[in-house]
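Visitor: Here the protein sequences come in this chain order: A and B. Just so it is clear: in the first sequence, position 284 is 283 by numbering that gives the first Met the number 0, and no numbers are missing. Just so it is clear: in the second sequence, position 239 is 238 by numbering that gives the first Met the number 0, and no numbers are missing.
Worth flagging that the hints you see were computed from the coordinates, not collected in a lab. All figures in this text were calculated on a predicted structure; none of them were measured in a lab. One should not assume that every hint holds.
Within a straight-line C-alpha distance of at most 27 Å, the following computed DSSO-like cross-link-like pairs (lysine-lysine) qualify [stated by the list, open to error]: (1) B:Lys48 to A:Lys149; (2) B:Lys275 to A:Lys107; (3) A:Lys279 to A:Lys322.
Label-pair ranges, simulated between beta-carbon atoms [to be verified]: (4) B:Ile25 to A:Tyr263: 31 to 39 Å; (5) A:Pro242 to B:Ala22: 23 to 31 Å; (6) B:Phe11 to A:Leu62: 46 to 54 Å; (7) A:Gln46 to B:Leu269: 39 to 47 Å; (8) B:Glu38 to A:Tyr263: 31 to 39 Å; (9) A:Pro86 to B:Lys48: 34 to 42 Å; (10) A:Leu62 to B:Glu38: 21 to 29 Å; (11) A:Gln46 to B:Leu20: 51 to 59 Å; (12) A:Pro176 to B:Leu26: 32 to 40 Å; (13) A:Met126 to B:Pro113: 50 to 58 Å; (14) B:Val116 to A:Glu269: 39 to 47 Å; (15) A:Met65 to B:Pro113: 33 to 41 Å; (16) A:Pro176 to B:Val68: 25 to 33 Å; (17) B:Leu9 to A:Asp59: 51 to 59 Å.
To spell it out: a stretch of chain B is covered by chain A in this simulated footprint if at least three of its residues, at any positions, have a beta carbon under 8 Å from a beta carbon of chain A; those stretches are [to be verified]: (18) 22-35; (19) 235-247.
Built from N, CA and C at the ideal position, the CB exists for glycine as well.
The chain contents come next:
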Amino acid sequence: MTLSAAGATFPQPFYNLAFKKHSEAGGPLINYGGIGSGGGIKSLRDQVVDFGATDAYLSDAELAEMPGEVVHIPTCIGAVVIAYNLPGVNGLQLTPALLEGIFLGTIKTWNDPQITAVNPDITLPAMDITVVYRSDGSGTTYIFSDYMSKVSAVWNEEMGTGKALNWPAGIGAKGNPGVAGTISQSQGTVGYIGFEYAYAQKIPMARVMNSSGYFIEPTLDSFTAAADVDMPADTRVMITNSPNSEAYPITSFTWIIMYREQSYGRHSREAAEATVQTVKWLTGPDAQAIATSVHYASLPQNAVDQAAILLKGITFDGEPLLK
Amino acid sequence: MAGDRITKALLFISSLTILLLSAGIILSLAGGAVPAFKEYGIGFITSTKWNPTAGSEEYGAMSFIAGTVITSILALIICIPMAFSTSLFIAEYYRGTRTAGILRSLVDLLAGIPSIVYGFWGFYALRPLLVSTGLTDQGFGIFTASLVLAIMIVPYATSLSAEIISMVPSELKEAAYSLGATRREVIFHVVIPSARSGIIASFILALGRALGETMAVTMLIGNANIMPRGLFAPGNTMASVIANQFGEADGLKMSALIAIGLLLFLITALVNALGKMIIKRFA
């Protein structure tokens, strides 16, 4: 049995490993195309994949455009970190106001008094700030801009939330690996990337001040803390800027998307069963352990429970696929 | 003969396929570009705005047209002295020697290196070098992209120029020598004038290649969707913005990208046609 899936690159390191282990254990072979969240949504809409994957849940308008009812299943929690490259500097702290100033290009040098005031313990070089952003449309940009729009009125007004934005300053690089590579190769740079990419390349990450006023280190625990929210029935919730005082603020679920009624087009019952079983396994303890091994935080219990309820509602010709 | 007829039919079908393919590409590009041109009219070409944020979407191609034209022309300017002198070396000064043979193979080797490898080299080797000169902070921008582009198009311009220079009839050169002309005089007064249009055409064809180059440029130009503000400022080209953004594009944005593709197609076709026209006149 072979399934095809496509979508977000943000959770791709997790999916690649999990799907490989799953098929080794007798599960279906899954061809996952990391083509971006938008591509994942499009592929599901065109019914060319068994399931899609996205970092930004579908808006009501997007849901209305789909040919059938779509279910969101959260699979893990990822975080977007602020990675930087400053010679001899470690332990940089950033506030929402500083993020706004740096990424909008109004704070131009690293030793700007606004930055040094927040970082009294470290010596910042008199170096120009070079912002590195994603040149391609991306769920990472969506999560970062969703957070920025919540904490900065100026950002909300000028930039808004989206997978691609109109950047006033800095340089663009393609994909999480592109941004990570550019930052690690050039001094004075700062950019937002998926946690595991910064972690893997050992790029320093800033501690970001959360809604309770604490500077929070990006760690799996601080990501899990952010997921401490009331889970809506359809799991469509953004957990950026969490009210939890221990939460890292730029955190998000990432989702698998699939049709609630699996009998469509030429989709076979076998493929439907394999799809549901795979997604169910993905939210289970084995796969969640794989997630933490590649630096994504595992799902909180309420998300696992909600995913189980949603998966029980998946049908083929009106008949539930899971007993 | 039946065999002849079959061969003829096969050849006809395969050339017809090429024709249909090109027509199909143009048709689908034009069709996909319709919504963008409907929305913005001719202003799509002249506008420098590129704002993909939902709610305030606005697309214009001028920043990318400018980025493409500036980097390609700069690359051509940098390429001309390198390619011109190398082709003279190969096809005239050291014609037929082992040195020329080795140099020619090396030039051909340069042509065979994939774009991404040039980008890689630019990113890890050339960029730090430019940063160390102090001219630029991060080394990303128009100039770095143009420099790598220049190196990439040198082999095309060189081999074509060398071919044309070696086609200059030896009777002409021998006549000049017999009149007492020096080597330098023969080259500048006989060889170059008679090969002139062919050499110009080879540079125009090289320019055509530079216009569509994508991967190496994307890695070095900084991908800022704005009018370039200087030689060392970031910008973006038509091919590079398409490569970057089509994955997540939808609706009007997709149409805008397709329209940029169509414009790039037209510009490249125009430049190539110009090159071919000059070659034809030479021949």
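Visitor: Take the C-alpha atoms of B:Lys275 and A:Lys107, compute the straight-line distance between them, and say whether it is at most 27 Å.
Guide: 49 Å, violated
Visitor: Do three or more residues of the segment 22-35 of chain B come closer than 8 Å to chain A, measuring C-beta to C-beta?
Guide: violated (count 0)
Visitor: For the pair supplied as a hint, A:Lys279 and A:Lys322, is the alpha-carbon distance within the 27 Å limit?
Guide: Satisfied, since the Cα-Cα distance of roughly 12 Å is no more than 27 Å.
Visitor: Is it true that B:Glu38 and A:Tyr263 lie within 31 to 39 Å of each other by Cβ?
Guide: 33 Å, holds
Visitor: Taking the CB of B:Val116 and the CB of A:Glu269, does the distance hold inside 39 to 47 Å?
Guide: 44 Å, holds
Visitor: Can the restraint linking B:Lys48 and A:Lys149 be considered satisfied, given a maximum Cα separation of 27 Å?
Guide: 26 Å, holds
Visitor: Starting from the range 33 to 41 Å, see whether the pair A:Met65 and B:Pro113 falls in it by beta-carbon distance.
Guide: This hint holds: roughly 39 Å between Cβ atoms.
Visitor: Go ahead and decide if the range 51 to 59 Å is satisfied by the Cβ distance of B:Leu9 to A:Asp59.
Guide: 56 Å, holds
Visitor: Lying within 39 to 47 Å: is that true of the beta-carbon distance A:Gln46 to B:Leu269?
Guide: For A:Gln46 and B:Leu269 the Cβ distance comes to about 40 Å; the hint holds.
Visitor: Take a look at whether the Cβ-Cβ distance between A:Leu62 and B:Glu38 falls inside 21 to 29 Å.
Guide: 25 Å, holds
Visitor: Please test the hint of 51 to 59 Å on the beta carbon pair from A:Gln46 and B:Leu20.
Guide: 27 Å, violated
Visitor: Is the gap between the beta carbons of B:Phe11 and A:Leu62 within 46 to 54 Å?
Guide: At 51 Å between Cβs, range holds.
Hints 2, 5, 11, 13, 18 from the earlier list are contradicted by this structure; the remaining hints agree with it.
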